[in-house]
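Those sequence lines, one after another, are chains A and B.
Following the numbering used here, the numbering of the first sequence begins with 1 at its first residue and continues without gaps.
Following the numbering used here, the numbering of the second sequence begins with 1 at its first residue and continues without gaps.
Check the hints yourself; a few may be wrong.
Copies of the same chain are indistinguishable here, so a pair counts whether it falls within one copy or spans any two.
Stated by the list, open to error - Quick list of in silico lysine to aspartate or glutamate cross-link-like pairs, EDC-like style, CA-CA up to 20 Å:
#1 154 / 103
#2 116 / 160
#3 237 / 103
#4 439 / 173
#5 116 / 318
#6 357 / 233
Keep in mind the hints are simulated off the structure, nothing from the lab.
A quick note: this is a predicted structure, and the numbers were derived from the prediction, not measured.
There are 2 protein chains.
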Amino acid sequence: MISQDDLGNLKAIAGEQFVSTGESVLNLHSHDESYHTPALPDVVVWPHSTDEVSRITRYAFEKKLPITGWGVGTSLEGNPIPVNHGIVVDFQEMQKVIAIRPEDFQVDVQAGVVYKELNKALSRHGLFFPPDPGAAATIGGMIGNNASGIRTVKYGGTKDHIMRLVVVLPGGEVIRIGNRARKSSSGYDLIHLFVGSEGTLGLVTEATLRLVGLPANFMALRVAFPEVKNATDTVFKIMSSGFSPAAMEFLDSNVIGVLNRDRNLTMEERPTLLMEFNGFSNEGLRDEMDYIEEICAENSSTIIDKGIGQEERDRLWEIRHLTFESLKRQHPGLLPLIVDVAVPLSSYSDTVAFIKKEVSELNAYVFGHAGDGNIHVVVMDDPADGFRWAKVDEANHRIVEKALAFEGTCTGEHGVGIGKRCFLPDEHGDSLELMKRIKNLIDPEGIFNPGKFF
Amino acid sequence: MISQDDLGNLKAIAGEQFVSTGESVLNLHSHDESYHTPALPDVVVWPHSTDEVSRITRYAFEKKLPITGWGVGTSLEGNPIPVNHGIVVDFQEMQKVIAIRPEDFQVDVQAGVVYKELNKALSRHGLFFPPDPGAAATIGGMIGNNASGIRTVKYGGTKDHIMRLVVVLPGGEVIRIGNRARKSSSGYDLIHLFVGSEGTLGLVTEATLRLVGLPANFMALRVAFPEVKNATDTVFKIMSSGFSPAAMEFLDSNVIGVLNRDRNLTMEERPTLLMEFNGFSNEGLRDEMDYIEEICAENSSTIIDKGIGQEERDRLWEIRHLTFESLKRQHPGLLPLIVDVAVPLSSYSDTVAFIKKEVSELNAYVFGHAGDGNIHVVVMDDPADGFRWAKVDEANHRIVEKALAFEGTCTGEHGVGIGKRCFLPDEHGDSLELMKRIKNLIDPEGIFNPGKFF
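Chain A with its partners taken away, still in its complex shape:
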């Protein structure tokens, strides 16, 4: 528990009005967007600098207080829920874009910068930070989670775009990792150790991100198929033929149905692929489109809506960006469990077929970043209804087991948090022990985001 003394000391570091124990503040920092049980922090602090984060951390270390980083709480596995209470460090006051270096395709940011705001600022330089998590996440949250999304199939995830980090370690020490060269073989790769560690090893306060140029030419297709297998086989065929789509998404007929109802659309309610390609010229893209259409036709595609240019791309892709909101709106009062497995592409069809059977009696919507073999199932239900939720939970377990049997992973992009802890022994075997040893080395008191991972 936090004492009046503690509060006074935290206020001395961050400033009177940047420390709060107000009920609504604590509530806001007790849950993410998932079904996981909320837990209240004792106090929320909004630091303004790496130095303040370091001093808060040193204080927490001395007092053995739990300390959990907070972006905006858009994660989906309970990753930032302060299950052991203590201090939540909210990065909202650290939203500075420190330096844009268009000539090097790089930007330095504070951890609290919101992904979408950053890309707005970068677009003026013809650049963007490609790992699009969909949600209004912060860069710090994306780094903690190794977030990724629809563009990862072409550009990689967050971990592929981090050049430098400033990290506060659990004792309050500040370390600077990495450099600004495009490649390096100098020493152990600490960048990747912290990216995806979900605030259990350190608090990232600043980062240098590697950017890419905004594409100039767009081609997109929305293609419907009679059966799931036609769609998933098409994904495999396109990806294994060496195409490099900028995005390649699968949506099952349930998703299309919800979108039709929620948005008053009239799409054919069938398994659907959404694809985007970028290229050097529209002529090249037109050639590519012909090839892609041919592959779709060979897999019995029934409808192909397609277009060249950014407007066409945006028209065809609008539905994808609406999906999660529409799903939630069509199931008021229910919460989502989101399956997030990823499998090798050769197992993609079998995995989706398995999933469709497993979830046939649930409010389940199958979609995902097909080009990466990443499959989501949004199951809408009531966690308070023990009987129903047990079925939801069982389905999730069986799907993860299947993905692991295919040598895949329990989480393609949402991270471990609370929800995936139980799968780590199965997925990582003996290497989980090494992860635990590293955690104990860096955070011997276990104060950083306790109750996660292990």
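For this one, chain A is given, so just place chain B on it according to the hints.
This is chain B only, laid out in the frame that chain A set:
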């Protein structure tokens, strides 16, 4: 020192004829391709399996014997020189390509597989493993070193292509890391901790590699410029315009001169760029070629030799593959010190200009993977000549200091080994301490490749 007893025990593990203390064998494993002082191992062992590596390691751990992994000894910073003697584990008997999975763009290999042999086997499936280190390295060596090369500008380095590893830890424990999905956010990223750790944390015995499709269409250019700055400014302009060359190399006039003499060629002895582009169609590549030529002309290019198609590409690029051999042949009896800095692209011109001044009185050849900001300087001299070598060494130091001042790195691709140890405190600051703590955690007895990194 190794006792007769130790030899007997090692022979019991690997087999009588796979353990040697023969003079020529020890000599062969005492040096790499660099100028660094050789050191003889006490014994060389050729294991056949992960299990044998594990048993050898457990034995070494119990007896506190140094143990150093060995591919083929092509590294350039003394990385595998057994400075504390002990056991060298040579992976030559572990050259199995375990499974090629063309449908997933993946291959499982043992660590001793030679890079070029692997790509020969993969080419039958239209695939290749892109981090081309130039030398006849093994996959295990490339992983240890995070090797990269001319294609890294497009495809990334070794670290970007490792999906799974089997690693023997210093106590003999075998861990399996990673999975076969294209993305994952599950637990700490141990893959990147071992890639580039140069055998100081574990011995990699098997790996699953991520492959890419062989390009079908090629376009290449060789362009000469009046001054270094015209060439380096062209690199910056092309890279910052968002082009994605498959390779982009700089060669200074000295390099061209050596090639002319050694290969009886008549190239214009001027700063030169070699470029390769791949594309979806030859038409697209022709358009791209026009743009590239325009940029070169704006920077006063004097000669442009160019071509479309694989034959033309191979013709234009042949000189690059001959460079290192020609340099060595033209300086018989001398050894190379190879500068290997990398800097942000915006500092590329300034860095090369600085280097040209620093090395003007040495047998120095400046070239490198310009698209990555990676600069090599091969300085040929005699390490036994203290006065001369001190000048070589000083130049290397000043160049590295300059690269670090530009927020670059002391090694873009050759690794730390012996030669770059002295620069790590400067480059990594406080994060070097965390690297040391991780080393002590995983290898508390310090038996794995001792004398490197720290």
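Consistency of the hints with the structure:
In this assembly of identical chains, the alpha carbons of residue 154 and residue 103 lie at most 20 Å apart only when taken from different copies (18 Å versus 22 Å within one copy). In this assembly of identical chains, the alpha carbons of residue 116 and residue 160 lie at most 20 Å apart only when taken from the same copy (18 Å versus 26 Å across copies). Proximity of residue 237 to residue 103 under the C-alpha cut-off of 20 Å is restricted to the inter-copy arrangement: shortest distance 9 Å between copies versus 37 Å within a copy. With identical chains, the CA atoms of residue 439 and residue 173 are at most 20 Å apart both within one copy (16 Å) and between copies (19 Å).
Within a single copy, residue 116 and residue 318 get their C-alpha atoms as close as 16 Å, which meets the 20 Å cut-off; across copies the closest is 46 Å, which misses it. When the C-alpha separation of residue 357 and residue 233 is checked against a cutoff of 20 Å, the pair qualifies only within one copy, where the shortest distance is 18 Å, while the shortest distance between copies is 59 Å.
In summary, the structure agrees with every hint in the numbered list given earlier.
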